[in-house]
Amino acid sequence: MEVGTKEPLYETVIMAGFGGQGLMFIGKLLAYSAMKTGKHVTWIPSYGPEMRGGTANCTIVISDEEIGSPVITSPKALIIMNNPSLEAFEPRLQSQGRLFLNSSLITRQPTRSDIEVITIPANDIAVEVGEKRTANMVMLGAYISSVNVVSKQNLLEGLKEFFAKKTQFLQVNTTAFERGFTHSKH
Amino acid sequence: MQIELEKIFERPRTLRPVTTHYCPGCGHGIVARLLAETIDELGIRERTVGIAPVGCSVLLYNYLDVDMYEAAHGRAPAVATGCKRVNPKLVVFSYQGDGDFASIGTAEAVHVAARGEKITTIFINNAVYGMTGGQMAPTTLEGQKTTTSPLGRNLDQTGYPIRMAELLTTLDGAAYIARVSVNNPKSIIQAKKAIRKAFETQIRGLGYSMVEILSQCPTAWHLSPIEATKWVEEKMKPYYPLGEFKTPEEG
Amino acid sequence: MEKRFMTGNEAIAEAAIQAGCKHFFGYPITPQSEIPEYMSKRLPEIGGVYLQAESEVAAINMLFGAAGAGGRVMTSSSSPGISLMQEGISYLAGAELPCVIVNIMRGGPGLGGIQPSQSDYFQATKGGGHGDYHLLVLAPHTVQEAVSLTMEAFYLADKYRNPVMVLGDGYLGQMMEPVKFEKATTHGELPTKEWILTGAKDRPPRVIKSLYLDPEALEKHNLRINRKIHEMIKSEVRVETYLVEDAEIVIAAFGTVARIAKTAIKALREKGVKVGLVRPITVFPFPYKTFEEITERVGKVLVVEMNLGQMLEDVRLGVCGKAEIRFYGRTGGMVPTYDEIAIEVEKFARERR
Numbered sequence: 002m003e004v005g006t007k008e009p010l011y012e013t014v015i016m017a018g019f020g021g022q023g024l025m026f027i028g029k030l031l032a033y034s035a036m037k038t039g040k041h042v043t044w045i046p047s048y049g050p051e052m053r054g055g056t057a058n059c060t061i062v063i064s065d066e067e068i069g070s071p072v073i074t075s076p077k078a079l080i081i082m083n084n085p086s087l088e089a090f091e092p093r094l095q096s097q098g099r100l101f102l103n104s105s106l107i108t109r110q111p112t113r114s115d116i117e118v119i120t121i122p123a124n125d126i127a128v129e130v131g132e133k134r135t136a137n138m139v140m141l142g143a144y145i146s147s148v149n150v151v152s153k154q155n156l157l158e159g160l161k162e163f164f165a166k167k168t169q170f171l172q173v174n175t176t177a178f179e180r181g182f183t184h185s186k187h
Numbered sequence: 016m017q018i019e020l021e022k023i024f025e026r027p028r029t030l031r032p033v034t035t036h037y038c039p040g041c042g043h044g045i046v047a048r049l050l051a052e053t054i055d056e057l058g059i060r061e062r063t064v065g066i067a068p069v070g071c072s073v074l075l076y077n078y079l080d081v082d083m084y085e086a087a088h089g090r091a092p093a094v095a096t097g098c099k100r101v102n103p104k105l106v107v108f109s110y111q112g113d114g115d116f117a118s119i120g121t122a123e124a125v126h127v128a129a130r131g132e133k134i135t136t137i138f139i140n141n142a143v144y145g146m147t148g149g150q151m152a153p154t155t156l157e158g159q160k161t162t163t164s165p166l167g168r169n170l171d172q173t174g175y176p177i178r179m180a181e182l183l184t185t186l187d188g189a190a191y192i193a194r195v196s197v198n199n200p201k202s203i204i205q206a207k208k209a210i211r212k213a214f215e216t217q218i219r220g221l222g223y224s225m226v227e228i229l230s231q232c233p234t235a236w237h238l239s240p241i242e243a244t245k246w247v248e249e250k251m252k253p254y255y256p257l258g259e260f261k262t263p264e265e266g
Numbered sequence: 027m028e029k030r031f032m033t034g035n036e037a038i039a040e041a042a043i044q045a046g047c048k049h050f051f052g053y054p055i056t057p058q059s060e061i062p063e064y065m066s067k068r069l070p071e072i073g074g075v076y077l078q079a080e081s082e083v084a085a086i087n088m089l090f091g092a093a094g095a096g097g098r099v100m101t102s103s104s105s106p107g108i109s110l111m112q113e114g115i116s117y118l119a120g121a122e123l124p125c126v127i128v129n130i131m132r133g134g135p136g137l138g139g140i141q142p143s144q145s146d147y148f149q150a151t152k153g154g155g156h157g158d159y160h161l162l163v164l165a166p167h168t169v170q171e172a173v174s175l176t177m178e179a180f181y182l183a184d185k186y187r188n189p190v191m192v193l194g195d196g197y198l199g200q201m202m203e204p205v206k207f208e209k210a211t212t213h214g215e216l217p218t219k220e221w222i223l224t225g226a227k228d229r230p231p232r233v234i235k236s237l238y239l240d241p242e243a244l245e246k247h248n249l250r251i252n253r254k255i256h257e258m259i260k261s262e263v264r265v266e267t268y269l270v271e272d273a274e275i276v277i278a279a280f281g282t283v284a285r286i287a288k289t290a291i292k293a294l295r296e297k298g299v300k301v302g303l304v305r306p307i308t309v310f311p312f313p314y315k316t317f318e319e320i321t322e323r324v325g326k327v328l329v330v331e332m333n334l335g336q337m338l339e340d341v342r343l344g345v346c347g348k349a350e351i352r353f354y355g356r357t358g359g360m361v362p363t364y365d366e367i368a369i370e371v372e373k374f375a376r377e378r379r
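Protein chains in written order, with our numbering: chain S, 2 to 187; chain C, 16 to 266; chain P, 27 to 379.
Source of the hints: derived by calculation from the structure; they are not laboratory data.
The reader is advised that the hints may include incorrect statements.
In silico EDC-like links for lysine to aspartate or glutamate, alpha-carbon gap of 20 Å or less [claimed, not checked]: (1) P:K227 <-> C:D80; (2) C:K104 <-> P:D228; (3) P:K292 <-> S:D65; (4) P:K292 <-> S:E66; (5) P:K206 <-> S:D65; (6) C:K160 <-> C:E242; (7) P:K227 <-> C:E52.
Can you build the whole structure from these sequences, using the hints too?
Okay, structure coming up:
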């Protein structure tokens with residue numbers, strides 16, 4: 002590809018799972034880190050009572066250009082943390098899109114064959130790194146390693162800012178992210 | 016020969032030299048004067064703001080020489096709250112009738128007291144809706160005939176009259192709560208004292224203060240002014256006992 | 027200037043504070059509770075007052091009292107709460123008190139739902155409360171624009187001594203985007219408030235009221251308010267036109283729907299469909315003139331809303347029969363997608379006149 006004819010960046014991802022799995026958090030972290038590198042970003046959550054204990058999801062758009070719709074019908078990627086979310090969102094993934102599945106919790110198989118499926122035993126890895134609540138960071142690491150939207154470096158800088166007041170959790174979250182990042186490299 | 020006469024009675028500075036719209040024998044005019052005297056005596060005219068909402072209360076802004084709001088029906092305590100929160104140096108009072116304070120504005124009445132808002136409410140209880148032509152009020156007594164209780168208030172149908180002073184006394188934010196009347200000279204003197212105490216409570220920053228004033232409405236009661244004062248004495252006072260229900264000294 | 031990453035609700039609250047708002051009265055309701063939450067934290071830090079009212083009815087009347095005492099004041103709510111405020115809004119307009127009211131709309135009628143909607147358009151632009159008045163209504167479509175319009179809302183409220191509404195939807199409130207807080211510089215001087223209640227010291231007493239028992243006096247008062255409305259119509263109309271120069275069809279949309287439409291337009295243009303957008307930024311005063319002008323050369327207007335056809339009526343007035351109009355709306359908290367909008371445009375484009 003010649004220099005100067007590079008397609009402008011336009012990435013869309015929906016992250017979905019149970020409330021409390023930290024999807025809102027990694028969504029914000031991703032958007033924030035991308036913002037820091039000068040990108041246009043939007044983050045839009047599902048909101049309301051379904052977030053308390055039920056399923057939660059958020060949609061992130063990252064773009065070189067001004068963002069029109071923050072609501073995405075067919076995203077380029079999905080980060081899916083539980084069975085109901087797989088059922089709800091798999092049909093919406095773009096053809097050739099990437100589906101990141103938390104195989105520690107998802108027992109169903111994806112049904113589509115026109116998509117790339119990346120499975121990560123996120124909860125198992127999280128337990129291994131010593132903090133079971135970091136499964137979200139494992140998933141984000143996997144996403145960042147295969148989708149060229151922000152560099153690992155930029156994301157870890159964003160993470161530092163997010164944990165500025167809770168530094169005791171920074172290391173374990175960083176480790177979880179790194180594990181997800183390397184797990185996905187194949 | 017010129018004789019120097021000592022002036023022993025005059026129009027309070029805060030009371031404007033105008034004719035009121037109140038009916039002959041109405042208690043509102045007396046209360047307006049008591050308010051004016053109190054404001055003068057406390058020397059607070061230049062920092063007092065009043066709120067008069069819907070009903071016979073509304074035209075108070077024509078009678079008192081202080082800054083005033085006219086508020087929506089029942090909402091005077093909320094308006095008073097907004098005003099006081101912007102400018103805590105002001106002395107803020109609401110002047111409300113029974114429809115306003117005990118019916119449409121009960122939520123505001125309860126919460127302004129619960130918050131201990133440093134404002135004063137002067138609540139005129141005449142057991143009837145005067146301005147709109149004598150309909151039943153939340154304070155209308157059992158058996159009392161009004162244009163919407165033509166056979167007399169029936170407790171089975173309409174429930175019981177509300178005693179606002181007692182109700183608000185239960186709230187910790189209320190610092191001074193009293194019930195007085197203006198149907199005879201002695202009561203009027205008592206009423207004046209209560210109004211003054213209520214304002215002082217506010218000025219000292221002790222919390223919410225409210226004076227409920229039993230007031231005669233000869234027109235809507237279809238009584239002569241003299242009969243109306245007796246009706247307050249004989250009918251209202253047994254149900255609405257006078258007294259100080261809460262004073263700051265008691266803590 | 028450093029960009030901050032905030033939800034629309036938080037950004038609106040911070041914008042208000044930076045515009046000098048020191049007093050907030052409100053009552054929580056989804057999807058705008060982050061505004062009172064933010065205010066309850068920030069206002070005490072700057073010596074302001076956050077007060078959670080017992081109801082929206084009380085909140086709007088606290089605004090009445092606070093505005094009358096000279097404060098820069100705001101409340102926020104969502105559709106059902108705004109309905110409760112209508113009486114107070116009418117009184118504020120009648121008494122000519124400046125304040126800012128934020129409505130982060132959700133689906134109605136009744137308790138409806140909590141998902142985004144634009145179905146309070148009529149209520150916001152055509153009155154809502156009783157009597158001859160109008161609010162000035164600003165409809166941002168991004169978080170950044172919500173910031174600048176909220177700041178401006180305070181200025182406009184003071185300039186016209188009239189309540190100003192910032193009209194957003196649940197998505198605008200909940201969405202996070204990067205924002206900068208830059209003070210608008212184009213504003214003129216505001217007159218001193220010689221009508222506020224401060225105690226009648228060294229001046230005659232003032233009265234803030236909306237009561238005029240003499241009909242002649244009330245007519246005079248209303249005509250004066252109406253002159254201000256006409257001044258708004260003359261001076262404050264704001265509208266964005268997007269790719270309309272060569273357009274054969276234009277979409278009319280405001281707020282969140284307008285930005286969804288922009289994505290649809292991008293996709294349609296790639297397919298060669300000449301489509302543009304007219305986006306009213308002020309929905310009162312409405313940019314009728316833009317629609318008048320555009321229909322000199324564009325024959326088709328597709329109105330898209332998150333309601334069942336409310337702004338549609340204003341577009342009709344602007345277009346005045348000179349172009350074909352179609353409507354596409356979703357309601358109850360359903361949000362039209364860019365795919366749906368694109369399909370509607372293509373269908374409309376194929377229609378013969």
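Each hint tested on the structure:
1. Of the pairs offered as hints, the one joining P:K227 and C:D80 holds, with about 11 Å between alpha carbons and a cut-off of 20 Å not exceeded.
2. Under the criterion of a C-alpha separation no larger than 20 Å, the hint pairing C:K104 with P:D228 is consistent with the structure, at around 17 Å.
3. Between the alpha carbons of P:K292 and S:D65 the distance comes to roughly 14 Å, so the proposed pair stays at or under 20 Å and holds.
4. At roughly 12 Å between alpha-carbon atoms, P:K292 and S:E66 fall within 20 Å of each other, so this suggested pair holds.
5. Simply put, P:K206 and S:D65 have alpha-carbon atoms about 18 Å apart, close enough for the 20 Å limit, and the pair holds.
6. Taken as a hint, the C:K160 and C:E242 pair is honoured in the structure, with Cα atoms around 16 Å apart against an allowance of 20 Å.
7. For the proposed pair P:K227 and C:E52, the alpha carbon gap of about 18 Å is at most 20 Å, so the pair holds.
The structure fails none of the hints (numbered hints given earlier).
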